[in-house]
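Q: Listed below are the residues making up each chain.
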Amino acid sequence: MSTSSVLYDHPGPRAKVRNAVLSVIFGVALLGLLYWIYTRFDEANQWESWLWEPFTRSTTWTQFILPGLWATLKAAGVGMVLSLAFGIIFAFGRLSDRLWISVPAGAVVEFFRAVPLLLMIFFIFYGVPFLIQGPVTAFWAVVIGLTLYNGSVLAEAFRAGIRAVPGGQSEAAYAVGMRKNQVMRLILLPQAARAMLPIIVSQLVVLLKDTALGYIVAYPELLQRGVNDLAANYGNIIPAAMVIAVIYIVINSLLTWFAGWLDRRTGIRSFRMPRQTGPVAPANAAPGGDGTVAEPQG
Amino acid sequence: MRMKRMAAVAAVAGLAVAMTACGGDSDEGNSGTGAGGIVGKAEGQKKLVIGVKADQPGLGLQTGSQYEGFDVEIAKIIAKGLGVEESGIEWKTTVSANREPFIEQGTVDLVVATYTINDERKQKINFAGPYYVAGQDLLVKSDSTLTGPDQLAGKTVCSVTGSTPAKRIQENYPDARLQQFDAYSKCLPLLENGQVDAVTTDDIILAGYAAQDQYAGKFKVVGSTFSDEPYGIGLKKDDTDGCEKVNEILKTAAEDGSYKAAWDATLGKSGTPAPELDTTKLTHCGAA
Amino acid sequence: MHVFTDPDNFDAYVSGFLWILKLTGASAVCALVIGVLLAAMRVSPVPVLRGFGAAWVNVFRNTPLTLVIFFCYFGLFATLGLSLSQDLDLNIYWLGVIGLSVYTAAFVCEAVRSGINTVPTGQAEAARAIGLSFAQTLRIVVLPQAARSVIAPLGSILIALCKNATIVGTIGLLESSNIMKDLINSNGDAVIPIFLVFAGTFAALLIPTGYFFGWLANRLAVKR
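Here the protein sequences come in this chain order: A, B and C. Quick note: the first sequence uses UniProt numbering, first residue 1, plus one each step. Quick note: the second sequence uses UniProt numbering, first residue 1, plus one each step. Quick note: the third sequence uses UniProt numbering, first residue 1, plus one each step.
One or more of the hints may lead you astray.
[Claimed, not checked] In silico lysine to any residue, SDA-like type, Cα no more than 25 Å apart, as pairs:
#, chain 1, residue 1, chain 2, residue 2
1, B, 220, B, 255
2, B, 76, B, 247
3, B, 80, B, 90
4, B, 167, C, 33
5, A, 74, A, 55
6, B, 218, A, 74
7, B, 218, C, 9
8, A, 180, A, 97
9, B, 220, B, 254
10, B, 269, A, 41
11, B, 122, A, 48
12, B, 76, B, 150
13, B, 218, A, 48
14, B, 47, B, 244
15, C, 22, C, 9
16, B, 122, C, 220
17, B, 167, C, 61
18, B, 218, A, 49
19, B, 141, B, 90
20, C, 22, B, 181
21, B, 80, B, 254
22, B, 80, B, 133
23, A, 74, C, 83
24, B, 155, C, 197
25, B, 281, B, 240
26, B, 155, B, 121
27, B, 155, A, 238
28, B, 155, C, 174
29, B, 141, A, 51
30, B, 218, A, 41
31, B, 46, A, 66
[As the list claims (entries may be wrong)] Computed Cβ-Cβ distance ranges for the label pairs, DEER-style:
#, chain 1, residue 1, chain 2, residue 2, range
32, C, 37, A, 265, 32 to 38 Å
33, C, 8, A, 99, 53 to 59 Å
34, C, 209, A, 40, 38 to 44 Å
35, A, 261, C, 55, 49 to 55 Å
36, B, 80, A, 40, 50 to 56 Å
37, B, 174, C, 209, 32 to 38 Å
38, B, 255, A, 39, 48 to 54 Å
Rather than coming from a laboratory, the hints here were simulated on the basis of the structure. By construction, the Cβ of each residue, glycine as well, lies at the ideal position given by its N, Cα and C atoms.
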C-alpha cells in the first residue's frame with residue numbers, strides 16, 4: 001500500500017472537495033443499487049420470516065451447519081498438511097540435479113496443475129477403486145484431490161521461492177561445507193517459505209473453498225449440508241446460501257488475517273518477492289527450523 | 001456398437017465379482033461365521049450399513065442425524081427381518097450416481113434409495129424387490145394447465161443432471177427446454193416463482209416434495225406417469241442368498257401389515273392410501 | 001477408446017470443451033477489464049472507491065466459486081429477473097460468464113495491485129512532478145510498466161479460470177465435467193480411459209499456455 005499514496009499528491013482544498021463529491025455520488029449510487037436489490041428480493045418474498053426462521057433453531061446449527069462446517073474444516077485441515085508435504089517434496093524433486101527425479105516430478109506437477117479439481121475428485125472416487133480394487137471414501141477422494149492440485153501449485157511456489165533466495169546464501173552455505181541436501185533444508189527452504197507465506201496462505205484459502213467441490217461425490221461438507229440438505233428440509237435455498245456464504249467469508253478472512261499476524265510476528269522478511277529490492281536482512285532472520293514456518297497453517 | 005456395449009458390461013461385471021470376492025474375504029475374517037453376504041454379516045455382527053437418499057422428503061430425508069421416509073422404513077423392516085436392531089444400522093447418504101460403486105466396493109451392504117431396477121444395473125449388482133412401482137411424472141404449480149409430457153414443447157422442465165428422467169425428456173420430448181441441477185431441491189424454488197414450468201422425476205419423489213409444509217397447496221403432481229420405475233433393494237451381485245432373504249422379508253411385511261404401516265407413517269401422511277405390494281413380481285435374484 | 005469412436009459421444013466431448021473455451025474467453029476479457037478497474041479503485045484517492053475495491057476482493061476471494069455461480073443463477077436470474085438470452089443454454093452461459101468474471105476479477109485486481117507495487121516510486125513521483133493527474137499517472141506511466149510484471153500471475157489466473165469454468169456445470173451447462181460424468185456413468189468399464197482423455201485435453205490446452213506465459217513474462221521482464 002505504501003506506493004499507492006505516491007500515485008497522487010496530498011489533496012489540496014479543491015481536490016478534497018472533488019474527492020468528497022465523488023465519494024457521495026458513488027456512495028449514493030451503490031446504496032441505490034443495494035436498495036433496489038433489496039426490494040427485488042422482497043418482491044420475490046425472499047425476506048419472509050418462515051424462510052429465515054430455521055436459522056433461529058438450534059437444531060439447524062447442530063445438525064446441519066456445524067457438522068458440515070466440521071467436515072469442511074477436517075478435509076481442509078488434512079488437505080493443507082498433505083499439500084504442504086507434497087509441495088515441498090515435489091519442489092525439491094524438480095530442483096534435483098538428477099534428471100530421472102526432476103523430469104517425472106515436473107511432469108506430475110504440471111499435469112495436476114492442469115486438471116480441473118472437479119474432474120480429479122470425481123475420478124478418484126469413481127475410477128481409482130477400479131485400480132486399487134477397493135473403495136475410496138468421499139472424504140479421501142476430496143482430500144487426495146485437494147492435495148494433488150494444491151500441492152502442485154505449492155510445489156511451483158516453493159520452487160520459485162527457493163530460486164529467488166539470493167545466490168550468496170547458498171554460496172556461503174557451500175563455503176562452510178554443507179552438502180546440497182543441507183543447503184536446501186537448512187538455508188533455502190526456511191527463507192523461501194517465509195517469503196512465500198502470502199502465496200502459501202492464499203493457496204490454503206483456495207483449498208478451503210475448494211472443499212465445496214466435494215458435493216460431486218456427496219461429501220457432506222458445508223455447502224452440501226448447509227445449502228442442499230437444509231433446503232431439502234425447509235425449502236429456503238437462497239437464504240441458506242446467503243448464510244453459508246457469510247460463514248465462508250468469515251472463516252477465510254480469519255485465515256488471511258491469521259497469516260498476516262503470523263507474517264508480522266515472524267519478523268522482517270529477509271527479502272522480497274518476486275525481485276530482490278531491499279537489503280538482505282542479517283542472518284539471524286534465517287534460522288528457525290525448516291518446519292516451523294510452514295506448519296502452523298495446518 | 002451393441003456387441004461392444006455387452007462386452008463392456010461383462011467386463012465391469014467381472015471386475016465387480018473380483019472386487020466382491022476381495023471384500024468377502026475380509027468379512028469372513030471379521031465375523032468368523034464363514035458366510036459372505038448380508039445374511040452372514042447380519043447374523044455375525046448384528047450390524048448393517050444401509051445406503052439411503054438424504055434429500056428426498058417422504059422417501060429418504062436427512063433431518064440432522066436422523067433419516068426419515070418410506071425407503072428408510074423399508075430398510076428398517078429388512079434389517080429387523082435379518083435380525084439387526086435399529087441401533088445396529090449405520091445409515092449412509094447415497095446419491096444417484098454412487099449407488100452401484102457403493103455396493104460394488106462394499107461401502108454399504110444394502111441400498112434402499114429410490115433405486116429403479118433395470119438391466120444395465122443388474123449387470124453390476126443384484127436387486128431384491130420391487131417394493132414399490134413408481135413412474136416418471138411432472139410436478140407443476142397447482143393452477144397449471146399442464147396435463148402430461150406431450151404439452152411440454154417450449155416449456156422449461158427442471159431435473160437432475162444426467163439422471164434417467166432428464167435423459168428421457170431429452171430423448172422423447174426434445175422440444176422441451178431442460179434445466180438441470182445437481183439436486184431437486186434447487187428446482188423447487190424455481191417452480192414456485194415460475195422460472196420453470198415443471199419438475200420431472202418419479203411421481204413418488206414429487207409427491208414427497210409437494211407434501212412438505214412449506215410447499216403445501218402450492219404444487220400438484222400431474223398424475224399421468226410415462227414410465228415404470230420398479231424400486232428395488234440393491235445388494236452385491238453374487239449375494240443371491242441375501243436377495244432371496246430380503247424378498248422373503250418383503251413378502252412377510254406385505255402380509256403382516258408392516259409394509260402398510262411404513263407407508264402410513266411417511267408418504268401416507270398426505271392422504272394417499274398405501275399401495276398393494278404385488279409379491280408375485282418379486283425378482284428372481286439373478287438365479288434363473 | 002471405443003467410447004470416443006461413437007460419434008454421439010465424440011460430439012458431446014467436443015461440445016463440452018467448446019463451452020469451456022467460450023466461457024474462458026469471454027470471462028477472461030471481462031475479468032481483466034473489471035480487475036484493472038478494481039485495482040485502480042484500490043489505489044485511488046477517493047476513500048469510498050478504495051473501500052468498494054477492498055470489499056469486492058474480500059467478498060469474492062473468500063466465497064467458493066460454486067456459491068458465486070449459484071447466486072448468479074438464483075440471485076441475478078431467478079430473483080432479480082436478469083435474463084440474458086431466450087435460449088436456455090445461452091442464458092446459463094452468460095450467467096456463468098458473469099459469475100466467473102466477478103470472481104476472477106478479484107484475483108486480477110490483487111495481481112495488478114502487487115504489479116503496481118513493483119514499479120519504482122520514482123516513476124510516479126516524476127509523473128506527478130511534471131503535473132500529471134492521478135488518472136494520467138496510472139494510465140500513462142504506472143500501469144504500462146506494471147503490466148510486464150503482472151504477466152506471469154495473470155497467466156496462472158487464466159489457467160485457473162479455464163479449469164474453474166467446469167463449475168458452471170452446477171447450474172446445468174453441459175460442459176466437459178458434466179459430459180465426463182455422463183460418459184462414466186454409461187460406460188462403467190472405461191472410467192480410466194475417459195478420465196485420461198478429458199484430463200489430457202485440459203493438460204494439452206493448459207500446460208502450453210503456462211509455458212507461453214512464462215516465456216512472455218521472461219521476455220518482457222524489466223531488468224532493474
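Q: Now, for every hint given, state plainly whether the structure supports it.
A: Tested hints:
1. B:220 / B:255: Judged against 25 Å, a Cα distance of about 32 Å means the pair is violated.
2. B:76 / B:247: 14 Å, holds
3. B:80 / B:90: 13 Å, holds
4. B:167 / C:33: Between residue 167 (chain B) and residue 33 (chain C) the Cα gap is close to 39 Å, so the pair fails against 25 Å, i.e. violated.
5. A:74 / A:55: 23 Å, holds
6. B:218 / A:74: 40 Å, violated
7. B:218 / C:9: Given that 25 Å is the threshold and the Cα spacing comes to 40 Å, the pair is violated.
8. A:180 / A:97: 10 Å, holds
9. B:220 / B:254: 29 Å, violated
10. B:269 / A:41: Distance of about 33 Å is beyond 25 Å: violated.
11. B:122 / A:48: Distance of about 47 Å is beyond 25 Å: violated.
12. B:76 / B:150: 39 Å, violated
13. B:218 / A:48: 16 Å, holds
14. B:47 / B:244: 19 Å, holds
15. C:22 / C:9: 20 Å, holds
16. B:122 / C:220: The hint is violated at about 61 Å.
17. B:167 / C:61: Violated, at roughly 36 Å.
18. B:218 / A:49: With a Cα-Cα distance of about 18 Å, the restraint between residue 218 (chain B) and residue 49 (chain A) holds, given a limit of 25 Å.
19. B:141 / B:90: 37 Å, violated
20. C:22 / B:181: 21 Å, holds
21. B:80 / B:254: 14 Å, holds
22. B:80 / B:133: 23 Å, holds
23. A:74 / C:83: 39 Å, violated
24. B:155 / C:197: Not OK: residue 155 (chain B) and residue 197 (chain C) at ~35 Å, beyond 25 Å, violated.
25. B:281 / B:240: Within the cut-off at roughly 17 Å; holds.
26. B:155 / B:121: 31 Å, violated
27. B:155 / A:238: 24 Å, holds
28. B:155 / C:174: The hint holds at about 19 Å.
29. B:141 / A:51: Given that 25 Å is the threshold and the Cα spacing comes to 19 Å, the pair holds.
30. B:218 / A:41: 20 Å, holds
31. B:46 / A:66: 31 Å, violated
32. C:37 / A:265: 32 to 38 Å: Holds, at about 35 Å.
33. C:8 / A:99: 53 to 59 Å: 44 Å, violated
34. C:209 / A:40: 38 to 44 Å: Given range 38 to 44 Å: holds, Cβ gap about 39 Å.
35. A:261 / C:55: 49 to 55 Å: About 21 Å separates the Cβ atoms of residue 261 (chain A) and residue 55 (chain C), which means 49 to 55 Å is violated.
36. B:80 / A:40: 50 to 56 Å: 52 Å, holds
37. B:174 / C:209: 32 to 38 Å: 37 Å, holds
38. B:255 / A:39: 48 to 54 Å: About 60 Å separates the Cβ atoms of residue 255 (chain B) and residue 39 (chain A), which means 48 to 54 Å is violated.
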